[in-house]
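Go ahead and model the full structure; you've got the sequences and the hints to work with.
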Amino acid sequence: MKEKITEFLAERIPIRSIETHVKKPLPKHINWLFSLGAMALFLLILQAATGAFLAIYYSPSPDHAYNSLNYISKEVPFGGFVRGLHHWGASAMVIVVFLHLLRVVVYDSYKAPRELTWIVGVLLLLVVLGFGFTGYLLPWDQKAYWATVVGAKIASTVPIIGDAIGRIMRGGEEVGAVTLTRFYAIHTIWLPWIAFGLVGLHLFLVRHIGSSGLPKNTPKDMDAGKPFYPDQLFEDSVAILILFGVLVVMALFVPVPTEEIADPTDASYDPRPEWYFLFLFQLLKYFEGRFEVVGTFVIPTVAILLLFLVPFLSRKERLPIHKRPVALTVTSISVLSLISLTILGLRSPRLDSTASTASEADQSKVHRSTDTEVFDFGLEEEN
Amino acid sequence: MNPQAEDLASPKRRSFLKASLLFISGLISAVIAVPLFGFAVLPALKKAPKKYVVLGIVDLLKGSRYRKVNYTFQSKDGWIQTNRKRSVYVTDSGNGNFVVFSRVCSHLNCLVRWEESKGQFLCPCHGGVFDEEGNVVAGPPPRALEKLSVKVEDGVLYVKEI
Ligand code: HEM
Ligand code: FES
Chain A
1 MKEKITEFLA ERIPIRSIET HVKKPLPKHI NWLFSLGAMA LFLLILQAAT GAFLAIYYSP
61 SPDHAYNSLN YISKEVPFGG FVRGLHHWGA SAMVIVVFLH LLRVVVYDSY KAPRELTWIV
121 GVLLLLVVLG FGFTGYLLPW DQKAYWATVV GAKIASTVPI IGDAIGRIMR GGEEVGAVTL
181 TRFYAIHTIW LPWIAFGLVG LHLFLVRHIG SSGLPKNTPK DMDAGKPFYP DQLFEDSVAI
241 LILFGVLVVM ALFVPVPTEE IADPTDASYD PRPEWYFLFL FQLLKYFEGR FEVVGTFVIP
301 TVAILLLFLV PFLSRKERLP IHKRPVALTV TSISVLSLIS LTILGLRSPR LDSTASTASE
361 ADQSKVHRST DTEVFDFGLE EEN
Chain B
1 MNPQAEDLAS PKRRSFLKAS LLFISGLISA VIAVPLFGFA VLPALKKAPK KYVVLGIVDL
61 LKGSRYRKVN YTFQSKDGWI QTNRKRSVYV TDSGNGNFVV FSRVCSHLNC LVRWEESKGQ
121 FLCPCHGGVF DEEGNVVAGP PPRALEKLSV KVEDGVLYVK EI
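Heads up: the protein sequence lines correspond to chains A and B, in order. Under the working numbering, the first residue of the first sequence carries the number 1, and numbering increases by one thereafter. Under the working numbering, the first residue of the second sequence carries the number 1, and numbering increases by one thereafter.
Check before you lean on any hint, since a few could be wrong.
Using C-beta positions, here's what the derived DEER-type ranges look like [what the hints assert, rightly or not]:
| # | chain 1 | residue 1 | chain 2 | residue 2 | range |
| --- | --- | --- | --- | --- | --- |
| 1 | A | Phe-8 | B | Trp-79 | 52 to 58 angstroms |
| 2 | A | Glu-75 | B | Gln-120 | 41 to 47 angstroms |
| 3 | B | Ser-20 | A | Leu-99 | 47 to 53 angstroms |
| 4 | B | Arg-13 | A | Thr-6 | 44 to 50 angstroms |
| 5 | B | Arg-65 | A | Pro-255 | 56 to 62 angstroms |
Please keep in mind that the hints were generated in silico from the structure rather than gathered at the bench. C-beta: ideal position from N, C-alpha, C; glycine also.
So, in structure tokens, the structure goes:
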């Protein structure tokens, strides 16, 4: 039976050549870090799948977004689990893609002829961050709202066209219903199409050029290793299974952090971005007054441009990172800065606690009571 | 080769075909791209005129000192008629005049809080500090806090929308 099917297919499509393709041997020296790309691909598919189901109940409007997610978490069967997978999967994606990039740097895998693979990779990194930024407005809670207010203002500091960029991001002057629908469209339609297109290109290049393997591979070693299918794919699947296991545990036991519903007038809320943007949040503190634009625009833009140029900076042969002093220094400094900024951002003092450090409880009481002294001359009733 | 086939394969004809391909795809792209761009971008660039909205009753605000006032006004958000919420600090400066500080930090739009014990506005985001006049004392903010234009009419305090 199996043979008959094979024969039927072989007469119609080139399965034999597909077979030789997927069984193509990899370089002799390779290790499990080469599974990070497959792990990123798995996460992208997991996000697409869980996201497609979340969209069944989610409602992208300021009046309903928050409640529709509550409904998903509390009432829809497996809702908490599906939402948990998507939420923790997003964080995992940022980590895995970052580690994948590091492994490409460490083993000098971006050098000729793999420059294009790298460039498409940097675009994918930006897409992943774009997913993060557009995704966490969707719950329409305090964190969501303020991150977007601040994010759009950051974009507005771009010289000359900044104001227009900020407006285009928000869909107008303010973060509101029009912002939510455009973020939703970008998050669920634009970015997935772009991401899968870029991944297709990325994988085509990887497959066409062939995996680089460790730098110690000699030209003869390049196709003297195990076949991609089933050997490498088996190893990839073990790595993926472990990752999936961690996500399942997180989704089951760590509730998705949810804050109060968005409130543009809240008196006691200290806005903080999602952990993977904390480095930027912290960085912005160091540029005062007219130097503001250095933190909001110059450094991020230069960093991204440099990232694109990485493969063209050196034409030397491939070497492991400990034999490339410049690459080692630059990489270590960048990684350490990112990590330190993130830790500083995490620890950055909350306003209420700074206010009461001077003296103890009494003062914080005074502080609270002035804070709650609110007059609401709303026109709500008048409509 | 008959003359007709030679004609079909001529380099001149090929380059005409290439140029036509470019033209057709360019035409389709342009006809679709221009409206799509306008669709996504133009509404976002439209600037609505700022009008005065009701902040509160003057009698109730008399003697205020950096009093936090939340108010709402009707405004359009895309297809929704919505109550925009705003929050400001109001100070009675005597003779029926009021100083109204916007709470929007001039750095990246977080909401500042008045800290009576220090006589300063503090921003919860990147550590911006403003003095009681709204001028920058410390941190990243590039400008002073905005003072809203106000007017009093029939015992009601109005502020210009921001
Ligand atoms: C959604 C994000 C991404 C996915 C799904 C993805 C997927 C993959 C896969 C499956 C491979 C082959 C296996 C491997 O070598 O690990 C690969 C290789 C590669 N990736 Fe990515 N990648 C992503 C992001 C990136 C980023 C951010 C960069 C760098 C800026 C990058 C640069 C490369 C390079 C240069 C290779 C070739 C490495 C070699 O041949 O040894 N990728 N990617
Ligand atoms: S938003 Fe106020 S200091 Fe940055």
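Inset, instruction - Compare the structure with the hints numbered earlier in the document and write down the numbers of the violated ones, lowest to highest. - result: Checked against the structure, the only hint that fails is number 5, while the rest are satisfied.
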